[in-house]
Amino acid sequence: AQSVTQPDIHITVSEGASLELRCNYSYGATPYLFWYVQSPGQGLQLLLKYFSGDTLVQGIKGFEAEFKRSQSSFNLRKPSVHWSDAAEYFCAVGARNTGKLIFGQGTTLQVKP
Amino acid sequence: EAQVTQNPRYLITVTGKKLTVTCSQNMNHEYMSWYRQDPGLGLRQIYYSMNVEVTDKGDVPEGYKVSRKEKRNFPLILESPSPNQTSLYFCASSYWDRGKETQYFGPGTRLLVL
Chain A
22 AQSVTQPDIH ITVSEGASLE LRCNYSYGAT PYLFWYVQSP GQGLQLLLKY FSGDTLVQGI
82 KGFEAEFKRS QSSFNLRKPS VHWSDAAEYF CAVGARNTGK LIFGQGTTLQ VKP
Chain B
-17 EAQVTQNPRY LITVTGKKLT VTCSQNMNHE YMSWYRQDPG LGLRQIYYSM NVEVTDKGDV
43 PEGYKVSRKE KRNFPLILES PSPNQTSLYF CASSYWDRGK ETQYFGPGTR LLVL
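Just so you know, the protein sequences line up as chains A and B, in that order. Every position in the first sequence, counted from 1, becomes a number in the working numbering once 21 is added. Position 22, counted from 1, in the second sequence is what the working numbering calls 4; the numbers after and before it change by one each time, with no gaps.
Rather than coming from a laboratory, the hints here were simulated on the basis of the structure. Some hints here could point you the wrong way.
Unchecked claim - Calculated lysine-lysine pairs in the DSS-like style (CA-CA distance at most 27 Å, straight line): (1) B:K53 - A:K70; (2) B:K51 - A:K133; (3) A:K121 - B:K53; (4) B:K0 - B:K39; (5) A:K82 - A:K70.
Said to hold, decoys possible - Which bits of chain A does chain B cover? Going by a derived footprint, with three or more residues having C-beta under 8 Å, they are: (6) 59 to 69; (7) 125 to 131.
To be verified - A short list of chain B residues far from chain A (calculated; beta carbon distances all over 12 Å): (8) L1; (9) N8; (10) S49; (11) I59; (12) S62; (13) Q67; (14) E83; (15) T84; (16) Q85; (17) V95.
Built from N, CA and C at the ideal position, the CB exists for glycine as well.
Chain A with its partners taken away, still in its complex shape (with noise of 0.2 Å):
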């Protein structure tokens, strides 16, 4: 069955500090993945998105991700966090051709001054 996992419910850093956010997926075929963000009270904002080719990618807001396909993962990184990174993020995988997205539990982002 398709699946998402974010193993971190919580995470707090210093400002200025480097982020991590892990996610594991579980999906038959290559999947199409992504990490959207939630600040407080707000919709979703897509920050990023890998569906083929550099497993590298780049987004909004000074974020990247890298997909692994040996570890069936796709983690969320920034150098330097900031204040208002602080929100909520999703790890999410799509399924091709139906508009349908699975979505992680989420991650917390709490960020120290």
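Mind docking chain B on chain A? Use the hints.
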């Protein structure tokens, strides 16, 4: 401006009183979906539609209905709401072109069923 709109944004109702949450997109997208978001569970897909008159169940369709009579609109209907449908609901639309997809989410509708 390209957008997905939902109405209402906030709704308090009572058990058993039918309600409809509207969703509209102005991007001529073929695919539209409804999700619910609950703490610790992330977002779960309720229904999705690949085009006019084409809908299919997602992961948690029980207690919900949808229709897709026009490309731009995809209303979510709760015929007899129950307290376990208290949640935050998101509508999304997406466009696929040569294997590439862009998905847009609406602002969300927060529903409380008493």
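Hints and how they fare:
{"no.": "1", "hint": "B:K53 - A:K70", "verdict": "holds (25 Å)"}
{"no.": "2", "hint": "B:K51 - A:K133", "verdict": "violated (49 Å)"}
{"no.": "3", "hint": "A:K121 - B:K53", "verdict": "holds (17 Å)"}
{"no.": "4", "hint": "B:K0 - B:K39", "verdict": "holds (20 Å)"}
{"no.": "5", "hint": "A:K82 - A:K70", "verdict": "holds (14 Å)"}
{"no.": "6", "hint": "59 to 69", "verdict": "holds (count 5)"}
{"no.": "7", "hint": "125 to 131", "verdict": "holds (count 3)"}
{"no.": "8", "hint": "L1", "verdict": "holds (20 Å)"}
{"no.": "9", "hint": "N8", "verdict": "holds (16 Å)"}
{"no.": "10", "hint": "S49", "verdict": "holds (16 Å)"}
{"no.": "11", "hint": "I59", "verdict": "holds (19 Å)"}
{"no.": "12", "hint": "S62", "verdict": "holds (26 Å)"}
{"no.": "13", "hint": "Q67", "verdict": "holds (18 Å)"}
{"no.": "14", "hint": "E83", "verdict": "violated (7 Å)"}
{"no.": "15", "hint": "T84", "verdict": "violated (8 Å)"}
{"no.": "16", "hint": "Q85", "verdict": "violated (7 Å)"}
{"no.": "17", "hint": "V95", "verdict": "holds (20 Å)"}
When the structure is compared with the earlier hints, violations turn up for hints 2, 14, 15, 16 and for no others.
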